[in-house]
Amino acid sequence: MIYVIADDLTGANDTGVQFSKQGYTTHVVILSETQFQHPADLKELANTLQQGAIDVLVIDTETREADDATARIRIRSVLESLRPKPEDLVYKKVDSTLRGRIGVELDECMRLLHKDVCVFTPSFPQARRITVGGYLIVQDQPLGLSEYYSGNLTPEDASFIPSSLQTDTTFPIARIDLREVIKGRQAILDNIREAANTEKKILVIDALNDAQLQDILAGSFKYEGSILYAGSAGLANSLSTMYNGHRRLHPPAQKFSAPVCIVSGTRRSIVQQQIAYLQRNLEVYACVIDVARIFSQREALLEQTTVDVVRALQQGNHTLLYPDPRYHTTQAIQALLAQMSGDFRTLEVSIRTFFGELIARIMDIHPIKNLILTGGDTAIGVCSALQIDHLNIVAELLPGIPLSVGQYRGSFELNIVTKAGGFGDEETLYKLIQHLVPSA
6 MIYVIADDLT
16 GANDTGVQFS
26 KQGYTTHVVI
36 LSETQFQHPA
46 DLKELANTLQ
56 QGAIDVLVID
66 TETREADDAT
76 ARIRIRSVLE
86 SLRPKPEDLV
96 YKKVDSTLRG
106 RIGVELDECM
116 RLLHKDVCVF
126 TPSFPQARRI
136 TVGGYLIVQD
146 QPLGLSEYYS
156 GNLTPEDASF
166 IPSSLQTDTT
176 FPIARIDLRE
186 VIKGRQAILD
196 NIREAANTEK
206 KILVIDALND
216 AQLQDILAGS
226 FKYEGSILYA
236 GSAGLANSLS
246 TMYNGHRRLH
256 PPAQKFSAPV
266 CIVSGTRRSI
276 VQQQIAYLQR
286 NLEVYACVID
296 VARIFSQREA
306 LLEQTTVDVV
316 RALQQGNHTL
326 LYPDPRYHTT
336 QAIQALLAQM
346 SGDFRTLEVS
356 IRTFFGELIA
366 RIMDIHPIKN
376 LILTGGDTAI
386 GVCSALQIDH
396 LNIVAELLPG
406 IPLSVGQYRG
416 SFELNIVTKA
426 GGFGDEETLY
436 KLIQHLVPSA
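Numbering-wise (this note's numbering), the sequence shown opens with residue 6 and increments by one.
These are calculated hints, taken from the structure and not from any lab test. Be aware that one or more of the hints could be misleading.
Now the in silico label distances, taken between C-beta atoms and shown as ranges [stated by the list, open to error]:
{"hint": "1", "residue 1": "Arg303", "residue 2": "Glu204", "range": "53 to 59 Å"}
{"hint": "2", "residue 1": "Ser155", "residue 2": "Gly250", "range": "22 to 28 Å"}
{"hint": "3", "residue 1": "Asp121", "residue 2": "Met6", "range": "16 to 22 Å"}
Straight-line Cα separation of at most 30 Å, DSS-like style, residue types lysine-lysine; simulated pairs [stated by the list, open to error]:
{"hint": "4", "residue 1": "Lys260", "residue 2": "Lys188"}
{"hint": "5", "residue 1": "Lys90", "residue 2": "Lys260"}
{"hint": "6", "residue 1": "Lys205", "residue 2": "Lys260"}
{"hint": "7", "residue 1": "Lys188", "residue 2": "Lys227"}
{"hint": "8", "residue 1": "Lys260", "residue 2": "Lys120"}
{"hint": "9", "residue 1": "Lys188", "residue 2": "Lys120"}
{"hint": "10", "residue 1": "Lys227", "residue 2": "Lys205"}
{"hint": "11", "residue 1": "Lys120", "residue 2": "Lys374"}
{"hint": "12", "residue 1": "Lys188", "residue 2": "Lys205"}
{"hint": "13", "residue 1": "Lys26", "residue 2": "Lys227"}
{"hint": "14", "residue 1": "Lys205", "residue 2": "Lys26"}
{"hint": "15", "residue 1": "Lys188", "residue 2": "Lys90"}
{"hint": "16", "residue 1": "Lys227", "residue 2": "Lys260"}
{"hint": "17", "residue 1": "Lys26", "residue 2": "Lys260"}
{"hint": "18", "residue 1": "Lys374", "residue 2": "Lys188"}
{"hint": "19", "residue 1": "Lys374", "residue 2": "Lys26"}
{"hint": "20", "residue 1": "Lys120", "residue 2": "Lys205"}
{"hint": "21", "residue 1": "Lys205", "residue 2": "Lys90"}
Just so you know, even glycine gets a beta-carbon here, dropped at the ideal spot from N, CA and C.
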């Protein structure tokens, strides 16, 4: 059995699909607050799933934005409920731009699983994330200088993985440099042994490409001690090809002729390019949400938008919902925060909750069979509102962008595509619709 512990839904899915595409039956569980408050429910869930024909169980703990104490409690609750066997593989999925409580969650995993070392690399070459000299490079820029970092560390410390981790972990950190990785699998193994012998626990390893990720895994497989593997979908992709488990033939994903509904709540610049490309190349009904009205005229906005989107869907149109880009500027955001007397996280949660309720209202009137959800907050907001807490991953439509099947309130199945905000190029949304509805 393979267990993947992820801290948000898009991350859970983009990592789970790496195993699904290799023939492993992959099931995603989105854990609610209730399940954490009542551990017996989680244990019953784990026992039920382990008895089924599941090869990979992915748990979304929803701890990306949690505080340290909450993250520790949730990780502990999950692992104590799952009780992985020594022969099981546990993979700690981390964000490829180092968001979340990574050090805290690694701490809990290492302690509860009694691992000797943690092999850590967030590299995801297909998504233009690589690690060099211990620095995380995202789309040709050090993380701390990119749009993907918004923390309080200096750009240098934010980009240097050991500096980013050491504030949240008590375990000693070591690095395995690219010059050692280039030497091959034996050199990697020797470096792991040397680090372990000097009581180093978290090993940050450079990687530029998939071949080097495979070398890291191959070298580590020969290590005599126990290892916690931690990384993004990149390391998981290599792991899925090298893991020697039972693989199955899966039926192709079901295609619905129904129109596609895209919901995008992310502020990433690439998403604005994707939206613009889609609108230039395909007829879609675009519904631009005035974010200020979410706070000042919420009910009226929900009612009118529901009517507009239902009408478009009934006419067979693809629909696109996203916040007005004018609220993406720092000045506009600050003005909005002052108006609502809240912080930025409150704003994000309000937007995701709005989109979730909006889609739920639409679904009450007109069933949506094809959903594309962009951004982790958007994905969890919509799935929560639709009471979807289980997903079966069936295909990878584009690198790191999976297609899953969920069940809406026990009545019918729908296709759900989840995409991390920063993933893809400008053609991505257009291509996803083509995959879902080939005649589009």
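The hints, checked one at a time:
1. At roughly 55 Å, the beta carbons of Arg303 and Glu204 sit within the given window of 53 to 59 Å.
2. Take Ser155 and Gly250: their Cβ atoms lie about 38 Å apart, and the range 22 to 28 Å is violated.
3. For Asp121 and Met6, the Cβ-Cβ distance of about 21 Å falls inside the hinted range of 16 to 22 Å, so the restraint holds.
4. Straight-line distance between C-alpha atoms of Lys260 and Lys188 comes to about 46 Å, which puts the hinted pair past the 30 Å bound.
5. Of the pairs offered as hints, the one joining Lys90 and Lys260 is violated, with about 38 Å between alpha carbons and a cut-off of 30 Å exceeded.
6. With a C-alpha separation of about 49 Å, the suggested pair Lys205 and Lys260 falls outside the 30 Å cut-off, and the hint is violated.
7. Taken as a hint, the Lys188 and Lys227 pair is honoured in the structure, with Cα atoms around 16 Å apart against an allowance of 30 Å.
8. In summary, the hint linking Lys260 to Lys120 is not supported, as the alpha carbons are separated by about 43 Å, beyond the 30 Å threshold.
9. Distance restraint check for Lys188 and Lys120: the Cα-Cα separation of roughly 26 Å lies within the 30 Å cut-off, and the hinted pair is therefore satisfied.
10. Under the criterion of a C-alpha separation no larger than 30 Å, the hint pairing Lys227 with Lys205 is consistent with the structure, at around 18 Å.
11. For the given pair, Lys120 sits about 43 Å from Lys374 by alpha-carbon distance, which is inconsistent with the 30 Å threshold.
12. Restraint check: the Cα-Cα separation between Lys188 and Lys205 comes to about 21 Å, which is no more than 30 Å; the hinted pair holds.
13. Our distance criterion of 30 Å between C-alpha atoms is met by Lys26 and Lys227, whose separation comes to about 26 Å.
14. Between Lys205 and Lys26, the direct Cα distance comes to roughly 34 Å. Violation of the 30 Å bound is thereby established for this hinted pair.
15. Under the criterion of a C-alpha separation no larger than 30 Å, the hint pairing Lys188 with Lys90 is inconsistent with the structure, at around 34 Å.
16. For the proposed pair Lys227 and Lys260, the alpha carbon gap of about 43 Å is over 30 Å, so the pair is violated.
17. Taking the CA atoms of Lys26 and Lys260, the gap is near 18 Å; set against the 30 Å cutoff, the hint holds.
18. For the suggested pair Lys374 and Lys188, the alpha carbons sit about 50 Å apart, so the restraint of at most 30 Å is broken.
19. A threshold of 30 Å between alpha carbons decides the hint, and for Lys374 with Lys26 the separation of about 22 Å falls inside it, so the pair holds.
20. A hinted pair counts as satisfied when its Cα atoms are at most 30 Å apart, and Lys120 with Lys205 qualifies at roughly 12 Å.
21. Proximity of Lys205 to Lys90 is assessed by CA-CA distance (about 25 Å); at most 30 Å being required, the pair is judged to hold.
Consistency note: the structure conflicts with the earlier hints numbered 2, 4, 5, 6, 8, 11, 14, 15, 16, 18.
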